[in-house]
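Chemist: Dock chain to chain to rebuild the complex, using the hints, since each chain is given by itself in its own frame.
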Amino acid sequence: MIGVLVAIGVPVLAALASIGRLTRFAIRALTRMAQPPWYPAQVAQQMLSIGWLSLPVVGLTAIFTGSALAQQIFIGGSRFNAASTVPAVTVIGVVRELGPVLGGLMVAGRVASAMAAELGTMRVTEQIDALVTLRTDPFRWLVGPRILAAVLVMPFLVLVSNALGVMGGWLLATQRLGFNSAQYLATTARYLEWDDVISSLVKAAVFGFFIALMGCYHGYHSGGGAAGVGKATTNAVVSSFILILLSNLIITVIVFGS
Amino acid sequence: MTSAPTPRIELAGVTKRFGSRQVLAGIDLAVAPGESLVIIGGSGTGKSVMLKCILGLIPIDAGSIRVDGQEVAGLKGAALDAHRTRIGMLFQGGALFDSLPVWRNISFALPGSAAERKAAAIDNLARVGLGPEVADLKPAELSGGMQKRVALARAIAARPPIIFFDEPTAGLDPITAAVINNLIRTLVTDLKITALTITHDMASVRHIADRVAMLHGGKIIWQGPLASLDGCDNAHVRQFITGSAEGPIQMPGARA
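Chains as they are written, first to last, in the numbering used here: chain W, 169 to 426; chain P, 2 to 257.
Just to be clear, a hint being listed does not mean it is correct.
[Stated by the list, open to error] Far from chain W, by Cβ distances over 10 Å, these chain P residues were calculated:
no., residue
1, 63
2, 113
3, 136
4, 155
5, 179
6, 207
7, 242
[To be verified] Computed from the model, here is a short list of chain P residues facing chain W with C-beta under 7 Å:
no., residue
8, 58
9, 90
10, 92
11, 94
12, 98
If you are wondering where the hints come from, they were derived from the structure by calculation, not from laboratory data.
A quick note: this is a predicted structure, and the numbers were derived from the prediction, not measured.
Think of the CB as a built atom: it goes at the ideal place given N, C-alpha and C, for glycine as much as any other residue.
Extracted from the complex, chain P is given alone in its bound form (with noise of 0.2 Å):
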């Protein structure tokens, strides 16, 4: 008999109140090594605030998140920074540095020289589609899919085993969006990263996931494989990916 694979993320019991917002009210949840999970779930449900919790951004009001079997909750300092060494983050509106050049976001992190940077950058570049004539360019000079894309460069540069994307094609035109579902999953698969994802768009969701959960009301309420999706019986998945305005989800504000 053996033992299953230490999750390379795991949360047990997660929660986050802001003000008297409960925002996270006992997350639970396990990611294996290699493995692409996309979170699903309405505005304003979490989503980023958990990705944010798990990289040490917001610290939990309560329970326990691992990676790689350490515990991230109280880490300060090295500790912390080694463990941030381990995660990639795709933010959601790119979050490229706008005084710096492309070459100079996507190895900010890196070590070496400027020369060895720049080139490393270059291949970067390379890996997500766009050339070398990109990097001297300031984010401003780029389209909305070429900075999602040099965001993707920046995220994969220091080869980190854990790569977070939080809404990879919000904003970008369905084509676009197309483009960086393939970059994602491609790299998914040749890097061997374990992906957290996620998003609202459930193109991105059958292109990337092994993977599905959904996150409602500050939990998990359901997970499963992405075959099993599709025949999900859980009212609140049903309506969120046949995306009806009729069902248990309701708008905030809404009128019963």
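This is chain W alone, in the form it adopts within the complex (with noise of 0.2 Å):
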């Protein structure tokens, strides 16, 4: 009975205390970022190798994925004869759902893993020790900069992957499914809301603030050399994915659940 009670005991606690490290490391760089010194070129920086970098990986997702779901949506609703619903749902479900959380996963799997490497590589190599030595505080320096970019970005990166995932299926079904090009637009833009796009925007600087938060995180928590770099790399990553998911889940109850 002790051996379950400390087989389940323990996960449980390790799980509360990684929660409590996290939650600790948040408040500390949010209160660190409402404090000066501040560092715009280090936030341009940041925008930069956030926003612009990620770009085509958003953008070709995006286009791929709004193609394939005007397909889909074409192929089932032609059971019930409902396949002129095409324009109508591929704009609700990019914008709702597969803009955002496609961008947010694909800028995660590219920016939270090089946050991770790159703040992890500077904690084994003393980097991060050197900067406190020289009286330069590493939340406002490092963590700071790269929240504050990711959460002004990922809306942009988002607006860009919405627009790029409807043409993808205004590509598809004008050129191959037969459909008139103004009637689709007109059909769009009437299913279109401002609801829709305001809870995309703001699910993407969520998003955005859990990619750079988990990338921060495990990257200045790492040690271990090159394989702690290497662990801390993957722990962002599937950290931040999750959180993504978490998160869209709840924002969407509580935007469309009522």
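Modeler: Structure (structure tokens):
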């Protein structure tokens, strides 16, 4: 009996401790971000790295997914004479869910891993200790700019992702499925609501926060040389994926559940 | 009768434990102003931990660390920053910021405009024997010896009265190591710096030290002037300076 309790209790306590450490890290990052000195050049550099350099992967993912979605809706809708719903369902599906979620996952794969690897390498090569000895707070110099840049840039990336996802559906529908271009676009515009766009942007900002937070957290606490950096990178990607999917579900239920 | 000057750095009964491992078990040590003290000891004996405790990077469990008479343990915020302005640090691997050019690494903590900071960086590069053409390079474009020199330039850039050198010649060929040793000795003498160096390299010890201390088992087991090192009858010190496999110091994990 005691063995069973230990087997359950140890991982539960470890998980609670991890959540506590992560929460403390996040609070520390947010409070330090609010205090000077600020480093706008660092923020701009991170915005370029996270936003501009993620555009190709986010854009391609959106186009391919939007096209595939339109094809599947057409096939499924044809079974009960609802093939004409392709533009409406595509735009709702892309803007509400696929644009932000797939965009977030793609950025997480690219950015959270890069942040964890960079900060992890800085940790094991004592660059973070060097920052401290040079009277520079790593939370203000390294963590804060990355979180701020990710929160600012992700909504723009998701806007692009949404637009390209809808365009992918339009391309496939008009070139392969025989839809009229003007009618497709008119239907798309009619079914797209402001709530969809705003919820998409809110999701994007939340995802950006979690991506940068997990990348920085795992990198900052990396240890054990190259293997430790590799583990931090993997943990950053996996945990940011989970937080993106979980927070997406929560926001969707809150915004659209009623 | 004149009283002895206040030690620039003074450790008394400093202990530090990581989990079940007692790394520092009561360190008592004093470094006088302008003195160059070298601490020797095997790998994993806590030499780097001791430096990081003095810098306030690692909190101690018990004891006292005083720098210029001020207690370091418990310092926070601006007081801790003020403490750190008194100390420059040369890290074992250099710890140069990969993403910044050499001149920004050196002038990282310096005030002033970009042009003033770059000029100061070039001045400090000259002090360590490097030309201005190095200023715009990234650390990855430099050899190991050049990286150490740049890190040395960064450590002295703000002219701190105290500098810590963590394994300054680790990983360098003997000639480059000799150049680094010369530079450290010259800087310590010219800039009247109090230096605390940790190293395994006996050539560095003989070149840099005014005084030597040996850390073993979490304690300082011997200390004395450099001139008394070779005549020392402490078995641990004798084994260390002769590099003998036989003696009281056993490699961790070695069979008895």
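Chemist: So, for every hint listed, does it hold in this structure?
Modeler: A quick look at each hint next to the structure:
1. 63: Correct as stated: the minimum Cβ-Cβ distance to chain W is 23 Å, above 10 Å.
2. 113: Consistent with the label, residue 113 of chain P stays out of reach of chain W, its closest Cβ about 15 Å off (over 10 Å).
3. 136: holds, 18 Å
4. 155: At about 8 Å from chain W, residue 155 of chain P fails to clear the 10 Å cut-off, so the statement is violated.
5. 179: holds, 24 Å
6. 207: Check passes; 27 Å lies beyond 10 Å.
7. 242: Label holds. Min Cβ-Cβ 28 Å, cutoff 10 Å.
8. 58: holds, 6 Å
9. 90: holds, 5 Å
10. 92: holds, 5 Å
11. 94: holds, 5 Å
12. 98: holds, 6 Å
Checked against the numbered hints above, the structure violates only hint 4.
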